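**Q** Sequence:
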Amino acid sequence: MIDPVTRHIWTYRLIYLALGLLVIAYKLMPLGLGESGIPAPDILLALTLAWLMRQPAVVPMGAIILLFLLADFLFQRPPGLWTLLVLVTSESLRRRRAQMTEFPFLVEWGAFAAAVFALLILNRVALWLLVVDQTTLGLTLAHGIVTVAVYPIVVAVSKFVFGLRKLGPIDSEAAASS
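For the sequence shown, the positions run 1 to 178 when full-length UniProt numbering is used.
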């Protein structure tokens with residue numbers, strides 16, 4: 001028989017991978033959603049960091065690499081750059097997650113916002129150093145703002161549709177020991 005905690009973790013890992021692939025497939029569809037002038041949010045990033053800050057065990061490093069590297073190739077971004085930045089950011093948040101378990105949602109949202117803007121700035125600096133064509137700074141910042149604005153929606157859907165709740169300090173210790 002499979003341990004309930006292990007089954008819980010693997011079920012959510014599969015849901016995370018399926019949602020990530022669904023987000024990538026949706027972005028590849030020619031729906032003309034970017035014609036409004038407002039950049040689309042990075043739902044994959046919001047989903048990854050939201051699930052990671054709520055239950056770190058359900059977002060393994062391998063899944064992050066797989067999804068973001070696939071997205072790099074399919075969206076014709078420099079392969080591995082965004083993946084590396086997201087991986088470093090996610091592991092930094094995973095390490096700080098124990099400190100954030102008792103904080104309210106606004107602090108979590110602030111940590112997410114800081115992570116998103118750090119990612120965007122580091123990505124722009126790396127692309128600038130590699131002399132790669134980039135969008136304007138205003139469009140990049142607008143993309144970050146829209147991504148930060150959609151975070152509460154991603155958290156609400158994760159909580160109320162998928163039942164992914166935020167682990168408390170006691171739950172974190174129990175999950176880490178098993």
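Rather than coming from a laboratory, the hints here were simulated on the basis of the structure.
Watch out, some of these pointers could steer you wrong.
Stated by the list, open to error - With a straight-line cut-off of 25 angstroms between C-alpha atoms, the simulated SDA-like cross-links for lysine to any residue are: (1) 166 <-> 37; (2) 159 <-> 60; (3) 166 <-> 140; (4) 27 <-> 63; (5) 166 <-> 110; (6) 159 <-> 93; (7) 27 <-> 156.
Predicted model, so just to flag it, every value in this text is computed and none were measured.
**Q** Holds or violated: are the alpha carbons of residue 159 and residue 93 at most 25 angstroms from each other?
**A** The hint holds at about 19 angstroms.
**Q** Can you confirm whether the C-alpha distance between residue 27 and residue 156 stays at or below 25 angstroms?
**A** Holds - the C-alpha atoms of residue 156 and residue 27 are around 21 angstroms apart, at most 25 angstroms.
**Q** Given the hint that residue 27 pairs with residue 63, test it: the Cα-Cα distance must not exceed 25 angstroms.
**A** Holds, because 19 angstroms separates the two Cα atoms, which is no more than 25 angstroms.
**Q** Is the Cα-Cα distance between residue 166 and residue 37 25 angstroms or less?
**A** Distance of about 34 angstroms is beyond 25 angstroms: violated.
**Q** Is residue 159 close enough to residue 60, meaning Cα to Cα at most 25 angstroms?
**A** holds (19 angstroms)
**Q** Measure nothing beyond the straight line between the CA atoms of residue 166 and residue 110; if it is 25 angstroms or shorter, mark the hint as holding.
**A** holds (16 angstroms)
**Q** Hinted pair, alpha-carbon criterion (25 angstroms max): residue 166, residue 140. Please report holds or violated.
**A** violated (30 angstroms)
Of the numbered hints given earlier, the model fails hints 1 and 3; all others are met.
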